[in-house]
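Here the protein sequences come in this chain order: A and B.
All residue numbers for the first sequence refer to this note's numbering, where the first residue is 1 and numbers rise by one.
All residue numbers for the second sequence refer to this note's numbering, where the first residue is 1 and numbers rise by one.
Derived from the structure by calculation, the hints contain no laboratory data.
Computed from a predicted structure; not experimentally measured.
Any given hint could turn out to be false.
[What the hints assert, rightly or not] What the simulated footprint calls covered on chain B by chain A, stretch by stretch (three residues with Cβ under 8 Å from a Cβ of chain A suffice, anywhere in the stretch; the number is not a length):
no., segment
1, 62-75
2, 88-98
[Said to hold, decoys possible] One side only, chain B facing chain A, incomplete, derived with CB under 8 Å:
no., residue
3, 50
4, 52
5, 79
6, 81
7, 85
8, 102
9, 103
10, 107
11, 108
12, 150
13, 192
[Unchecked claim] Pairwise CB distance ranges, derived in the manner of DEER restraints:
no., chain 1, residue 1, chain 2, residue 2, range
14, B, 16, A, 81, 56 to 62 Å
15, B, 182, A, 108, 56 to 62 Å
16, A, 108, B, 74, 56 to 62 Å
17, A, 255, B, 182, 50 to 56 Å
Every residue, glycine too, gets a C-beta built ideally from N, C-alpha and C.
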Amino acid sequence: MRGRLWRLAVWLFVVGFVLNLVGIVGHVVVSSFARRWFATPVPSAFTTEWYAYAWREFQLDQVLMVTLTVAGTVTAAALLLGFPAAYLLARHEFRGKGPLLLLFFLPLLVPQMTYGIPLATTLYRYRIGGTVAGVIAANLVPMLPLAIFVLLPFVEQISVNLEWAARVHGATRLQVFRRVIVPLALPGLLTAGLLVLVNTVANFELTFLLSGAGSQTLVVALYYAVFAAGMRPIYSVDAMAVIYMTIVLAMLVLALRFVRPTQMVFRLDRRD
Amino acid sequence: MVTSLAFRLTKRFGAKIVLDDLALEVRGREFVTFLGPSGCGKSTALNLLAGLLPPTAGEIRLDGVRIDGLPPERRGFGMVFQNYALFPHLTVGANVAFGLAVRGLAKAELAPRVRRMLELVRLAGLEDRYPGQLSGGQQQRVAIARALAVEPRLLLLDEPLSNLDAKLRLEMRGEIKRLHAELGLTSIYVTHDQTEALSLSDRIVVLRDGRVVQAGPPAEIHDRPRTLFVADFMGYRNAFPVTVSSAEGDTVVGHARDVTLRGLGVVALAPGTAAVAVVRPEDVEVAPEPAGANVVRGTVRFTEYLGREHGVEVVLGTGQTLMARLPRPVTVGSALALRLPPERVVILPAEDGAR
Ligand SMILES: Nc1ncnc2c1ncn2[C@@H]1O[C@H](COP(=O)(O)OP(=O)(O)O)[C@@H](O)[C@H]1O
Ligand SMILES: [Mg+2]
Numbered sequence: 001m002r003g004r005l006w007r008l009a010v011w012l013f014v015v016g017f018v019l020n021l022v023g024i025v026g027h028v029v030v031s032s033f034a035r036r037w038f039a040t041p042v043p044s045a046f047t048t049e050w051y052a053y054a055w056r057e058f059q060l061d062q063v064l065m066v067t068l069t070v071a072g073t074v075t076a077a078a079l080l081l082g083f084p085a086a087y088l089l090a091r092h093e094f095r096g097k098g099p100l101l102l103l104f105f106l107p108l109l110v111p112q113m114t115y116g117i118p119l120a121t122t123l124y125r126y127r128i129g130g131t132v133a134g135v136i137a138a139n140l141v142p143m144l145p146l147a148i149f150v151l152l153p154f155v156e157q158i159s160v161n162l163e164w165a166a167r168v169h170g171a172t173r174l175q176v177f178r179r180v181i182v183p184l185a186l187p188g189l190l191t192a193g194l195l196v197l198v199n200t201v202a203n204f205e206l207t208f209l210l211s212g213a214g215s216q217t218l219v220v221a222l223y224y225a226v227f228a229a230g231m232r233p234i235y236s237v238d239a240m241a242v243i244y245m246t247i248v249l250a251m252l253v254l255a256l257r258f259v260r261p262t263q264m265v266f267r268l269d270r271r272d
Numbered sequence: 001m002v003t004s005l006a007f008r009l010t011k012r013f014g015a016k017i018v019l020d021d022l023a024l025e026v027r028g029r030e031f032v033t034f035l036g037p038s039g040c041g042k043s044t045a046l047n048l049l050a051g052l053l054p055p056t057a058g059e060i061r062l063d064g065v066r067i068d069g070l071p072p073e074r075r076g077f078g079m080v081f082q083n084y085a086l087f088p089h090l091t092v093g094a095n096v097a098f099g100l101a102v103r104g105l106a107k108a109e110l111a112p113r114v115r116r117m118l119e120l121v122r123l124a125g126l127e128d129r130y131p132g133q134l135s136g137g138q139q140q141r142v143a144i145a146r147a148l149a150v151e152p153r154l155l156l157l158d159e160p161l162s163n164l165d166a167k168l169r170l171e172m173r174g175e176i177k178r179l180h181a182e183l184g185l186t187s188i189y190v191t192h193d194q195t196e197a198l199s200l201s202d203r204i205v206v207l208r209d210g211r212v213v214q215a216g217p218p219a220e221i222h223d224r225p226r227t228l229f230v231a232d233f234m235g236y237r238n239a240f241p242v243t244v245s246s247a248e249g250d251t252v253v254g255h256a257r258d259v260t261l262r263g264l265g266v267v268a269l270a271p272g273t274a275a276v277a278v279v280r281p282e283d284v285e286v287a288p289e290p291a292g293a294n295v296v297r298g299t300v301r302f303t304e305y306l307g308r309e310h311g312v313e314v315v316l317g318t319g320q321t322l323m324a325r326l327p328r329p330v331t332v333g334s335a336l337a338l339r340l341p342p343e344r345v346v347i348l349p350a351e352d353g354a355r
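Model the full assembly from the supplied sequences, consistent with the hints where possible.
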């Protein structure tokens with residue numbers, strides 16, 4: 001009896017949660033296609049013109065370009081720097097490695113605002129703040145550790161014996177990397193890359209603090225569209241929100257196709 | 001491609017000395033085995049030779065030329081690992097071709113050589129499989145083909161058979177011996193299995209705690225162990241403390257409280273010194289007469305049927321136990337006189353905690 005009640009409660013909660021979500025998202029989606037929507041359950045007429053309006057008014061082509069540049073560069077840099085770092089951390093044991101890793105991964109654990117503001121102040125002092133480069137640099141602060149964090153177990157599971165077999169049979173360090181390590185770590189690179197990509201596109205705090213007029217990503221532009229001065233039709237803001245949601249959702253679906261969350265087990269202590 | 005190898009190596013991990021000035025010369029085409037218990041430094045020795053670990057001190061010479069400064073990829077060796085260490089993302093063909101491909105050989109040249117190597121290890125036609133699709137024995141053949149494909153100046157094998165079941169182990173042992181002879185290889189083989197060492201080697205080097213305790217041809221290690229450690233490793237499971245009464249040439253006589261044992265003296269022993277007489281269970285025989293030279297008496301405590309023979313454990317008058325393998329069954333509790341043939345008994349110096 002209690003079990004049934006409990007199950008019912010869980011079901012009610014899940015249904016309520018989903019309805020709520022569908023309600024909000026549905027409302028935004030419907031609104032973005034509405035010509036006008038007052039006091040009726042559904043809009044009286046539909047249009048796609050708010051998308052065109054948003055595109056023009058909020059300079060979405062430029063915003064999307066910035067978003068793409070920032071996300072692409074951060075992903076590439078995080079993998080390019082993170083992979084060798086993960087390799088070194090996986091292969092070398094040294095004293096204080098555990099605490100060092102923890103310190104290193106701090107940006108992943110603490111709220112971004114805590115270090116975002118001093119980081120922004122510093123970057124503005126060096127005149128990097130407000131530029132696309134500044135946004136990229138700030139995003140790399142948590143994204144590089146994230147990439148390493150995700151890559152580490154993938155590299156650790158590649159047996160050292162494979163590297164040794166390659167070396168003995170004639171491969172230089174570089175050839176071992178290219179022919180053995182990278183191919184075997186490919187799932188990890190894919191996983192880390194997609195996670196960094198999604199997180200960078202979705203990042204608000206750091207990008208908000210560091211972006212200027214020409215270096216806003218989609219989320220930050222969305223924020224300004226909602227709260228900045230000047231009256232904008234709510235339908236156009238909704239249209240923009242739909243664009244954002246679609247992009248992030250598409251990336252998430254893509255990510256989940258490749259990422260195996262069970263592989264992302266991270267161990268600070270290893271060796272048997 | 002006859003090569004001679006000479007090395008002298010010391011390796012420490014922190015304060016732990018793993019190889020203590022291990023020195024050896026290997027002739028071209030020789031098959032040398034490092035034999036020793038787990039942890040005695042066998043793998044470390046191979047890894048130092050291959051250049052995979054840096055030595056703490058020492059040198060390696062190949063045909064008189066020092067190679068210890070060279071990185072592994074420039075030593076031109078082949079190596080077979082215990083866990084095969086095949087590249088899981090590459091096909092069998094690509095695994096075998098690996099050493100040649102990294103040397104920059106053209107694709108067209110690779111195919112026929114890979115095919116020849118796979119024929120050599122009797123795996124023709126499996127080029128396009130992946131290692132994960134092969135049995136353990138097949139995987140080890142691929143690993144051997146990969147090592148042989150580079151025409152190694154020296155072939156290193158680190159317990160290549162210990163992951164295989166007994167039947168395959170026997171089969172692969174034969175294969176390795178065949179390939180070594182057929183290709184004129186110079187090989188260093190590592191194992192903790194005395195039968196493997198005996199059947200494969202031209203020379204066995206018995207290691208203990210990173211040091212050579214005895215080196216020689218298999219028959220010499222088998223029949224003339226110089227220490228209790230080697231004797232134990234070679235299956236001399238019966239040991240009797242004795243005092244040396246006399247030593248003349250090869251023949252040593254030792255006595256305990258109620259028995260006199262004549263045996264082979266491999267190491268010089270002065271009369272009066274403490275020694276140990278050792279003998280294998282297989283060499284013990286039922287005495288034709290209840291008394292006589294090298295005869296001991298006791299009571300059967302335990303028997304075990306082993307198919308071709310019977311394992312017997314006998315408690316002697318001194319309270320010691322003696323293991324024997326006898327052709328005919330005996331009953332538990334019966335009295336038994338056993339002869340330890342003098343030519344099969346070895347008398348060795350009693351040593352510090354060797355057992
Ligand atoms: N990387 C290492 N760090 C510390 N000790 C090691 C390392 N590798 C091996 N050892 C130690 O060296 C000894 C010899 O190891 P190894 O050469 O693998 O022995 P074997 O192959 O004869 O079983 C062992 O006691 C082992 O614990
Ligand atoms: Mg070993």
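For each hint, the structure was consulted:
no. : hint                       : result
1   : 62-75                      : holds (count 4)
2   : 88-98                      : holds (count 3)
3   : 50                         : 5 Å, holds
4   : 52                         : 5 Å, holds
5   : 79                         : 4 Å, holds
6   : 81                         : 5 Å, holds
7   : 85                         : 4 Å, holds
8   : 102                        : 4 Å, holds
9   : 103                        : 5 Å, holds
10  : 107                        : 15 Å, violated
11  : 108                        : 19 Å, violated
12  : 150                        : 6 Å, holds
13  : 192                        : 18 Å, violated
14  : B/16 to A/81: 56 to 62 Å   : 36 Å, violated
15  : B/182 to A/108: 56 to 62 Å : 58 Å, holds
16  : A/108 to B/74: 56 to 62 Å  : 42 Å, violated
17  : A/255 to B/182: 50 to 56 Å : 54 Å, holds
In summary, the numbered hints that this structure violates are 10, 11, 13, 14 and 16.
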